[in-house]
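Enquirer: Chain order of the listed sequences is Z and S.
Quick note on our numbering: the first sequence kicks off at 1 and runs consecutively.
Quick note on our numbering: the second sequence kicks off at 1 and runs consecutively.
Heads up, some of the hints might be wrong.
Beyond 10 Å from chain Z on every Cβ pair, some chain S residues (computed) [what the hints assert, rightly or not]:
1) L2
2) V19
3) P60
4) L119
5) S201
6) T208
7) F254
Facing chain S, from chain Z, some residues (calculated, C-beta under 10 Å) [claimed, not checked]:
8) G55
9) G139
10) E227
11) V252
12) R264
13) N388
14) N420
15) L425
If you are wondering where the hints come from, they were derived from the structure by calculation, not from laboratory data.
Glycine included, C-beta positions come from ideal geometry on N, C-alpha and C.
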Amino acid sequence: MKRRDFLKSVSGLAAGATLPAMPSVISSAYADARSETLLIVSEGGPNNLDIHGVGTNVPGYEVSWNCYDRLISHEMKVGPGGVPYYDRDKFKGELAEDFKIDDMSVTFKLKKNAKFHDGTPVTAKDVKWSLDRAVTVGGFPTFQMSAGSLTKPEQFVVIDDYTVRVDFLKKDRLTIPDLAVIVPCIINSELVKKNASEKDPWGLEYTKQQTAGSGAYKVTKWTAGTEVVMERNEDWVGGPLPKIKRVIWRMVPQAGNRRALLERGDADISYELPFKDFQEMKASGKLNVVSLPFSNGIQYIGMNVTKPPFDNPKVRQAVAYAIPYQKIMDAVMFGLANPMFGAPKDKPTEVAWPQPHKYNTDIEKAKALMAEAGLANGFETTISFDLNFAGVNEPLCVLVQESLAQIGIKTTINKVPGANWRTELNKKEMPLFTNVFSGWLDYPEYFFYWCYHGNNSVFNTMSYKSPEMDKLIDGARNAAAVGDTATYDKDVKGFVDLAFSDIPRIPLYQPFVNVAMQKNISGYQYWFHRRLDYRAMAKG
Amino acid sequence: MLTMIGKRLMFAIPSLIGVVIVTFLLTRALPGDPAAYFAGPAATKEAVEQIRKKLGLDKPLIEQFFRYTNDLAHGDFGNSLTTGQPVAAEIRNRLPASAELTLLGLIVSIVIAIPLGVLAATRPGSWVDHLCRVTTTAGVSLPVFFTGLVLVYVFYFQLGWSPAPLGRLDVFYSAPPTVTGFYLIDTLLARDLEAFRSACSQLILPATTLAIFSLAPIARMTRASMLAVLSSEFVRTARASGLSPATVIVTYAFRNAMLPVITTLSMVFSFLLGANVLVEKVFAWPGIGSYAVEALISSDFAPVQGFVLTMAVMYVLLNLVIDILYGVIDPRVRLEG
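Isolated chain Z, as found in the complex (with noise of 0.2 Å):
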């Protein structure tokens, strides 16, 4: 019911704005109000505007991002090529005006002025009761908090109507990064818990349709499936007003005709285009091609080590040295990645992730290990992948069966419909499959926590355990939490060596975020999220 009358007042909205306009009127507003759009298409749109929502899709984290404020946010520097990349490590207030993080707490001071879509003045109320909804409405959202270790509503306490403090319950380098992604978003609670049910305390029916947020933008149209219409928040107090008035993002599932609209400049921007697409429009030069690394991702080839033969380190190894690594670069990435291979042999392991491993391609020294472990007549096996991804994952799969057969291993290649995909990661039956993680937060052992622990999350698609490398990344962990950077040093290296040379997953390239967009669209940034943030676009 709530739904159908936003519907009816868009709707109606739609008919006021055209039926007392003449057509000559239509004409010149159609000129400025291009002038002043952001037209932006992608294949997907988002199937929820609210982050807090059940199966939120990742555009839909796009629209959170840009129409709600959180308490904090990042500061922006230099990144790779000159392009503005968000600072992992400093961090301004977005509603908050100041902060103070003491030893076992962080206190918000919000700034006054800060006002909800609606005029509502944002208060610290608004800000508990959001932060109460994310770390208790489960699935994405509560799991992404507790990444933090914010899990619990009394970790969130009101001092008076302008100050708000996070108490921690444990010492954790993520706390403060994690208040910074797009989940701790701060929205109007008042207007929510109105449109709220018994069935739906949180609201979720009532924002999946609507934001009611105090961000820079808010969603005034939203046809799923074909388009969102985003106008700006005059009063918006998080940073500077934005240059971009209104931003039209559209759904357009042939990539070949979004190539062919940024081409003929109808779009200004997109994403999500076939990688030789983006290379040959790099090289004609016509539009501009932002390509940057995925911060903490990597595409690789896994081994559940659970199933024989891979749970012999001499056979991963050996699967290691017969990756077909360049090929894959140059025929299927088609250079837009960071190679993760072959680094030199007296390289020192650094403090870093990613950072490339020592495996080259070497076919006799694969044959060597296979017959060392064995198996020098080699064995049969499948290798699987995510065929919503098949534009990489298909060739990738196919260089590699060719070059494991050299090596006497028969693959068969099995491809996995997208919305299987994740029930079969669950499941941890594929015995040899390729995948990318990224991980929001930036830092090594947030991925091997992720990737390599011995607790078996749904990423650690190897199912490795190892008392080694658990006793490792807790150490790294805890050394973070306490500032210990000796400790944090040695076992972030002592993690990625283990890595390295046990090599449950065989890391292959870090894949590059690619936005090709108008010579006269400036103002692109790279955040941790990979999304647009149009905040700080500008048009002309």
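Position chain S against the provided structure of chain Z, taking the given hints into account.
Expert: Leaving out everything else, chain S in the frame of chain Z:
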């Protein structure tokens, strides 16, 4: 007449019930676990279970089925998980887009194919006949998405005559207030000529794509059935009586040749709705076909069931209309259930 319609509708009920059961079972047999899909990449096992419970997927199949039919009886098609909207509302919004496109494609096709077929039949072996053969063969052998992409490439990308393939209206126009859901009609009702022109120019390429595809069966069928009728005795008699060739062809021969053409039209209309899926993808058309395909890819049950059910109902109605048309064209056709 009314009893006939009533009877026909009665007969449609068992097939609709069949459709409900089959789509329900088929969507359940799809690979993929919607709970895992919607729990997101970072979900733990508990989170997936939580979502499964929320979606009611932890209940036995039979209970899910009864709940589904009960909702259907109340006009509730369920919620789409991918777009987050109620399926009934989405189908209502998207069906006019598909229908407008398909109908226009069909009209364009009829306007070209029927005269072409008639001309080819009256002058067999002439250049018109060859032209008819070549166009129809070419039209039917090109897959729709290919024709669509070629048209976009030539008329939008190279020549710049056509507007950007971005759906039903230029992005900077707002949609007319909904009366029929057909933009061509609604923009006129709103006296918004610019939007009408925009809607028109957006429609040209996709409608042409569909028309090229459906030319073949209509033209071929018109030609074949005209040939048969033209060689029949009553046409010979008409000619012998000294009627003008135009009267013979249009009044006597064509009317008699229409029945098989109408049958073909209904078939063409139904497979155009299918071909629509691809055309909608190419032209970013917010229609019902692309909606169903996206739902299928993400194991989103409700829209798939809603789509199949809507299509089934449309087929039933279409067949009914065709049957009535038969009676209008040829009084000899008995209207029986």
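Enquirer: A separate judgement is required for each hint: does it hold in the structure or not?
Expert: Verification of the supplied hints:
no.: 1; hint: L2; result: 35 Å, holds
no.: 2; hint: V19; result: 23 Å, holds
no.: 3; hint: P60; result: 20 Å, holds
no.: 4; hint: L119; result: 37 Å, holds
no.: 5; hint: S201; result: 13 Å, holds
no.: 6; hint: T208; result: 16 Å, holds
no.: 7; hint: F254; result: 41 Å, holds
no.: 8; hint: G55; result: 3 Å, holds
no.: 9; hint: G139; result: 5 Å, holds
no.: 10; hint: E227; result: 8 Å, holds
no.: 11; hint: V252; result: 4 Å, holds
no.: 12; hint: R264; result: 6 Å, holds
no.: 13; hint: N388; result: 8 Å, holds
no.: 14; hint: N420; result: 4 Å, holds
no.: 15; hint: L425; result: 9 Å, holds
Consistency note: the structure conflicts with none of the earlier hints.
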